[in-house]
Amino acid sequence: MARAKVTRFNMASLALGFAFLYLPIVILVIYSFNASRLVTVWGGWSLKWYREFFNDSAMIEAAWMSLRVGATSATIATILGTLAAVALSRGENFRGRTLFSGMLYAPLVMPEVITGLSLLLLFVALNAERGFWTVTIAHTTLTMCFVAVVVQSRLGSLDKSLEEAAMDLGCAPARAFLMVTLPLIIPAIVAGWMLAFTLSLDDLVIASFTTGPGSSTLPIRIYSEVRLGVKPEINAICTLVIGLIAVVIVVASLASKLTSTRGESAAPL
Amino acid sequence: MAEKVSKSETASEPVKIEPRVLPVVKPEPAPQANMPLLRIEDVGKKFGSFRAVDRVSLDIAAGEFFALLGPSGCGKTTLLRMLAGFETPDEGRILLGGRDIAQVLPHERPVNMMFQNYALFPHLNVRDNIAFGLRRAGMARAEINTRVAEMVALVKLDGLEKRKPDQLSGGQRQRVALARSLARRPQVLLLDEPLAALDKKLRESTQFELMELQRRLGMTFIIVTHDQDEAMTVASRIGVMAAGRLDQVATPRELYEAPLSRWIAEFIGEINLFEGQVETRGHDRIVVSSRDAGTLAVAEPRNPVTRTTVSVAVRPEKVKLSRRGPVADGAGNQAINRLEGVIADISYLGGLTVYKVRLDSGAFLRSSMANTARIDIDAYSLSQRVVAWFTPDDCLVLEQ
Amino acid sequence: MSARRIFARPARFAAIAPYVWMVLFFLVPFIFVLKISLSQTVIARPPYTPVFDFTAGWAAIEQALGALSIDNFRLLVSDDLYVLAYVRSLVVALISTSILLLIGYPIAYGMARLPKRWQPLAMMLVIVPFWTSFLIRIYAWINILQHDGLLNQLLLALHLVAQPVVWLSTDSAMYLGIVYSYLPFMILPLYATLTKMEPALEEAAADLGASPREVFWLVTFPLSLPGVGAGVLLCFIPIVGEFVIPDLLAGSNSLMIGQTLWLEFFNNKDWPVASATAIVLLVLLIAPLLLYDRLQRRQLEAK
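Keeping their order, the protein sequence lines are chains A, B and C. Going by the working numbering, the first sequence opens with residue 1, and the numbers climb by one from there. Going by the working numbering, the second sequence opens with residue 1, and the numbers climb by one from there. Going by the working numbering, the third sequence opens with residue 1, and the numbers climb by one from there.
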């Protein structure tokens with residue numbers, strides 16, 4: 001594909017596509033610094049909406065809750081997702097594999113209202129107290145498959161002869177995996193964690209179903225504010241979240257770039 | 001890197017070491033009077049600052065089987081792609097039948113290509129792959145059917161028409177690729193290392209089939225290869241390239257016996273090289289004094305030698321070994337290059353034996369001799385002292 | 001024994017933990033949804049009846065089972081409100097997916113044709129918005145589309161309209177939001193398939209006389225169909241059940257099924273009907289879900 005000439009149509013569609021994707025975000029970030037409350041008026045640069053956010057204790061609490069849920073669920077999801085990816089990519093055919101992969105990848109496409117509702121009903125039936133842990137469990141269930149996709153894709157592109165070489169030199173299979181394969185897929189695991197974290201940070205629907213009284217997450221609060229109309233404070237919150245995610249992305253891509261070509265199959269076949 | 005695959009070292013089967021006899025089937029190169037079918041005029045191509053093809057000029061006659069030979073990165077594939085239309089030259093012209101096609105798009109050229117990895121359409125079966133080009137040409141359906149059947153028979157794929165590429169073996173896929181590229185009866189067929197993926201036996205039989213096909217169809221084939229054996233086998237003329245330049249265009253025999261430069265001499269087959277200073281000229285020969293082989297007499301080449309530092313080159317099969325030295329022959333006056341040394345290594349290759357002789361000067365000399373007798377009680381052994389000799393006609397002078 | 005089989009055995013053990021988790025937290029909850037969809041609403045905690053009490057003995061369970069009914073489902077098929085919501089959801093999903101394909105394909109194609117060194121950057125550029133909060137991006141569009149938002153300001157300044165146009169609370173705004181949010185989901189599978197294609201195939205087609213348009217339709221597009229399938233399903237299925245985007249951007253006169261479910265649950269506190277809605281939605285999506293599962297398996301495990 002790289003040999004063919006890039007036509008003007010290609011470049012135009014690319015440019016338009018990316019502009020479409022990024023423009024709203026850029027505008028939002030700019031307006032978070034707008035001193036004026038109205039979108040129609042540019043009142044100069046100001047940080048007052050950021051100050052308002054930091055003074056809004058309900059928002060701060062929700063943000064803190066989101067961060068904790070995100071970190072916890074991402075960690076659990078990464079562990080489980082990596083295990084699942086290993087099982088699927090190295091496990092060959094085992095009984096229940098079809099069901100397993102079906103269950104694992106279903107949340108990728110399943111409408112969130114369905115997963116949210118079903119999880120809530122489970123928690124109610126179990127008489128579980130709804131709050132931090134129910135949301136965390138729900139998010140873990142949702143994001144596990146994303147981690148699995150990322151890690152499985154990386155496992156698939158690894159040169160299998162590396163593991164064989166390790167075994168040839170005396171490692172039992174499990175050790176060979178730990179000493180050779182695992183270090184090479186760390187970037188994918190880190191990327192998976194980041195992905196799970198941002199997805200959790202962003203989730204509204206499932207969190208709404210599975211959260212309890214007094215434990216709102218940030219998206220829930222933002223959503224309830226947005227329903228009441230556009231508020232500049234929200235621009236500031238959003239920009240902060242975007243900033244946080246941008247940092248996360250940079251770290252993830254640096255981590256993967258540092259070790260991305262190590263151990264990949266030499267053959268382009 | 002240049003491959004130095006000598007014909008004598010590639011096979012365990014008997015290999016001729018006498019000068020190659022050109023089979024009668026190969027068409028003679030076109031006489032100068034006629035307009036060549038394909039004329040490449042001062043063509044150049046750069047990728048960024050990298051000069052892939054450097055002012056190449058070449059004439060190819062109709063009905064030739066021409067080979068572009070050279071190590072990886074020499075520009076032969078880029079040149080081929082310019083003929084196909086996938087690259088456009090930065091300078092120069094490409095004239096096909098007198099018409100400059102350098103800017104013509106690939107789908108509008110009467111030129112077809114057989115791709116290195118075959119590039120068979122995975123979603124089409126054999127029949128549809130072959131028919132693809134014919135449909136684009138707007139042929140009537142009945143005609144397409146006939147032509148496809150013709151092609152299938154030509155490459156002996158009868159019975160496999162309904163199969164998809166992933167249901168075929170490597171050799172079968174190669175034939176489909178060939179049939180597909182011939183279906184439109186192009187003026188020129190370009191072959192991009194078509195036999196690289198095949199194993200040795202299959203490669204050799206396919207080489208002969210290609211030659212047969214080309215002769216029968218009377219088409220012009222241009223093949224790109226890094227395998228000098230392949231080029232020598234199939235082609236009537238070979239263009240040797242390096243670093244974007246076309247360094248020599250010649251028949252296989254000329255290329256082998258009269259290479260124009262040291263690197264070509266080393267690239268094709270095995271060769272002994274002795275560096276030295278030109279001492280005297282005259283009497284139809286040049287005398288070179290070399291550090292490793294003493295004084296050597298070389299027959300005067302057609303092109304006058306201008307440098308003083310030269311290399312004397314002699315092919316291993318021209319170097320004869322004996323215990324005492326050359327017998328006096330009737331020619332009398334002819335100076336014979338005579339070197340003495342000790343057998344350091346013997347490689348028995350079935351049809352011939354390659355001896356590595358350590359000369360008294362310390363340098364090595366290769367000599368290969370046919371094993372003409374089944375039981376040779378007179379064979380040389382390691383550390384045996386021998387005399388190696390060759391006539392001035394057997395060697396040549398190379399100026400870098 | 002090949003190296004692969006040596007690895008297979010211990011690798012299978014890795015599946016245990018995630019397997020148990022998914023059965024517990026994905027599969028089992030559906031049983032509860034089914035059960036509740038067959039129950040009735042009551043003002044109580046929990047707001048449905050019957051409640052299965054497994055400690056109360058078999059007779060109590062039998063009685064509870066008898067109290068289950070399919071009334072909720074009857075309501076769904078008979079009441080226009082729900083039927084329309086389902087139909088609307090499917091229609092919106094179909095239209096959105098078509099738009100996504102029309103917009104996403106050229107972008108993915110453009111990306112695949114870029115020189116190799118620029119492709120990772122292009123990939124990043126497509127993924128980054130996806131990682132950026134979904135809610136925030138919708139909010140960003142509200143910002144632009146509102147009555148005194150930037151779009152109207154631009155249109156007024158260019159004298160293309162005389163008065164601010166109402167963008168929000170319209171279907172157009174909703175489609176815009178959907179396409180905007182789901183574009184990466186369409187682009188990435190398409191891009192993955194397009195880059196896996198041998199460049200030589202397009203060259204061979206051109207060499208055999210196909211014009212650039214013929215090359216695309218006869219070779220490139222057919223070979224990209226698996227990616228098209230994946231992208232289409234990856235978008236269609238979740239869009240059917242979308243809630244946030246129609247809620248924030250579309251008008252309130254007709255609802256999508258995700259909104260209906262939400263309202264039933266949160267506003268009407270009618271858990272049984274909400275569950276029944278979910279079950280019917282799931283049934284509607286079974287076919288595309290299975291299709292997606294098959295495609296996913298083929299793609300991820302074709303290595």
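Keep in mind the hints are simulated off the structure, nothing from the lab. Note that the Cβ used here is the ideal one computed from N, Cα and C, for glycine as well. Take the hints with a grain of salt, since some may be wrong.
Residues from chain B shown here face chain C by an in silico Cβ test under 8 Å; the list is partial [claimed, not checked]:
no., residue
1, 84
2, 86
3, 106
4, 112
5, 115
6, 121
7, 122
8, 132
9, 136
10, 137
11, 140
12, 180
13, 184
Far from chain A, some chain C residues (derived; all Cβ distances over 10 Å) [unchecked claim]:
no., residue
14, 94
15, 126
16, 217
17, 251
These are the hints, each one checked on the structure:
no. : hint : in the structure
1   : 84   : holds, 6 Å
2   : 86   : holds, 6 Å
3   : 106  : holds, 4 Å
4   : 112  : holds, 6 Å
5   : 115  : holds, 5 Å
6   : 121  : holds, 6 Å
7   : 122  : holds, 7 Å
8   : 132  : holds, 5 Å
9   : 136  : holds, 4 Å
10  : 137  : holds, 6 Å
11  : 140  : violated, 15 Å
12  : 180  : holds, 7 Å
13  : 184  : holds, 7 Å
14  : 94   : holds, 15 Å
15  : 126  : violated, 7 Å
16  : 217  : holds, 15 Å
17  : 251  : holds, 15 Å
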